[in-house]
Amino acid sequence: MRKISRFYFILTLFVVACAGTAPNILNVQAGPMGVSAKQIEINDKYLERNLSYGDVSIRPFDAANSFEAQVMLKNESDRDLSFEYRFIWYDARGYELSGITSWLPAVLGSKESKGFLSTAPGANAAGFKLMVRMPHGVTES
Amino acid sequence: MKRTVHFLSLAALVVFWGCASTPEVNYGSPDQVETVTADFGSTDLQMIAEKMVNSLLATPVISSGNRPVFYVQNVRNKTDEHIDTKSVTDKIKVTLLKSGKVRFSAIGEVKDEMVNQLEFQASSGMVDPKTAKSIGKLVGADYFLYGELASIRKSAGRVKDVYYKFTLNLVNIQSGLIEWADEKEIRKQAKKPLLGG
Numbered sequence: 001m002r003k004i005s006r007f008y009f010i011l012t013l014f015v016v017a018c019a020g021t022a023p024n025i026l027n028v029q030a031g032p033m034g035v036s037a038k039q040i041e042i043n044d045k046y047l048e049r050n051l052s053y054g055d056v057s058i059r060p061f062d063a064a065n066s067f068e069a070q071v072m073l074k075n076e077s078d079r080d081l082s083f084e085y086r087f088i089w090y091d092a093r094g095y096e097l098s099g100i101t102s103w104l105p106a107v108l109g110s111k112e113s114k115g116f117l118s119t120a121p122g123a124n125a126a127g128f129k130l131m132v133r134m135p136h137g138v139t140e141s
Numbered sequence: 001m002k003r004t005v006h007f008l009s010l011a012a013l014v015v016f017w018g019c020a021s022t023p024e025v026n027y028g029s030p031d032q033v034e035t036v037t038a039d040f041g042s043t044d045l046q047m048i049a050e051k052m053v054n055s056l057l058a059t060p061v062i063s064s065g066n067r068p069v070f071y072v073q074n075v076r077n078k079t080d081e082h083i084d085t086k087s088v089t090d091k092i093k094v095t096l097l098k099s100g101k102v103r104f105s106a107i108g109e110v111k112d113e114m115v116n117q118l119e120f121q122a123s124s125g126m127v128d129p130k131t132a133k134s135i136g137k138l139v140g141a142d143y144f145l146y147g148e149l150a151s152i153r154k155s156a157g158r159v160k161d162v163y164y165k166f167t168l169n170l171v172n173i174q175s176g177l178i179e180w181a182d183e184k185e186i187r188k189q190a191k192k193p194l195l196g197g
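Here the protein sequences come in this chain order: A and B.
Take the first sequence: its position 125, counted from the start at 1, is 125 in my numbering, and no numbers get skipped.
Take the second sequence: its position 167, counted from the start at 1, is 167 in my numbering, and no numbers get skipped.
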């Protein structure tokens with residue numbers, strides 16, 4: 001009986017380890033003039049301990065309301081950290097704007113900080129989400 | 001009790017065998033990171049497109065708001081893999097077009113079809129002259145994009161290392177000047193498992 005319980009415990013651990021984790025999300029309301037609000041949604045405590053969101057800066061290009069956002073991410077751990085990230089832009093009514101929204105892989109060395117850039121896909125962009133999660137892409141099965 | 005356990009084990013084995021005999025097919029999200037092999041894949045294409053689009057949208061040529069007209073020259077594949085480089089430039093083109101800040105000329109891609117259609121409309125006598133499009137009104141491109149994809153591949157023992165470099169240039173057709181250029185580097189490493197593989 002004890003053996004069976006142990007088996008199920010190991011099986012549960014295996015399933016949990018293989019399952020994709022929910023992303024941590026940085027919600028930012030921003031325009032060419034800067035950031036008006038930001039809020040962090042934590043869904044993965046492990047990632048929160050190891051990868052921190054830093055400053056968000058906005059760089060306007062021109063009078064046509066084009067702008068670029070940069071979010072600093074820092075690896076707080078003592079070893080290299082691989083993760084996936086993606087930017088999703090929204091207009092003022094919350095509609096998703098066309099752009100490249102794929103999950104992209106990234107690696108930060110120990111204690112390394114790096115700026116992650118994304119350009120607003122249109123002049124009507126009013127904010128974005130930067131989602132980060134542990135790698136769980138499509139791999140050989 | 002022992003017989004029941006044996007029977008259940010056998011039944012489970014049969015079920016697993018039954019499942020294994022047919023390939024498992026699932027729909028996946030095209031947004032997922034793909035690391036099936038170290039060869040050029042969908043995530044590499046998306047990483048290149050993301051970098052190039054972000055960089056191009058920030059260049060004064062586009063951000064000035066004049067909606068310049070581009071056309072895409074080919075991207076040379078200098079790697080030792082068969083890579084459809086047109087799908088990379090198509091991804092960049094579609095994302096830029098959706099931004100509404102650039103227009104693309106189709107002349108480079110469908111020149112013969114356009115010439116045939118214009119000649120047909122002008123001279124076949126089958127098209128209402130009021131709706132026939134006249135020859136000589138095509139919009140000339142202001143800039144063209146060209147580039148190349150190169151790679152360095154190394155392997156030793158169980159480790160394979162691939163480095164890709166994608167370079168894209170934007171050339172002003174009037175002046176011949178390269179107005180913008182950027183590159184995206186990608187490094188991928190694959191390690192064969194000690195057992196199997």
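In case anyone wonders, no lab produced these hints; they're calculated from the structure.
All figures in this text were calculated on a predicted structure; none of them were measured in a lab.
Here a beta-carbon is modelled for each residue, glycine too, at the ideal position from N, C-alpha and C.
Please note that the accuracy of each hint is not assured.
Once the Cα atoms are required to be at most 25 Å apart in a straight line, the calculated BS3-like pairs of lysine-lysine come out as [as the list claims (entries may be wrong)]:
#	chain 1	residue 1	chain 2	residue 2
1	A	K129	B	K184
2	A	K74	A	K114
3	B	K184	A	K111
Cβ-to-Cβ under 7 Å is the rule here; a few derived chain B residues that face chain A [claimed, not checked]:
#	residue
4	Q32
5	D39
6	I83
7	D84
Do the hints match the structure? See the list:
1. Straight-line distance between C-alpha atoms of K129 (chain A) and K184 (chain B) comes to about 23 Å, which keeps the hinted pair within the 25 Å bound.
2. Using a Cα cut-off of 25 Å, the hinted pair K74 (chain A) and K114 (chain A) holds, with the two alpha carbons roughly 7 Å apart.
3. The suggested pairing of K184 (chain B) with K111 (chain A) holds, with an alpha-carbon distance near 24 Å, which does not exceed 25 Å.
4. Contact between Q32 (chain B) and chain A, as hinted, is supported at the beta carbon level, the nearest pair being about 5 Å apart and thus within 7 Å.
5. Look at D39 (chain B): its Cβ only gets to about 12 Å from chain A, farther than 7 Å, so that hint breaks.
6. Taking 7 Å as the C-beta cut-off, the interface hint given for I83 (chain B) is violated, the closest approach to chain A being about 18 Å.
7. Proximity of D84 (chain B) to chain A is violated relative to the hint, the smallest CB-CB distance being about 17 Å (cut-off 7 Å).
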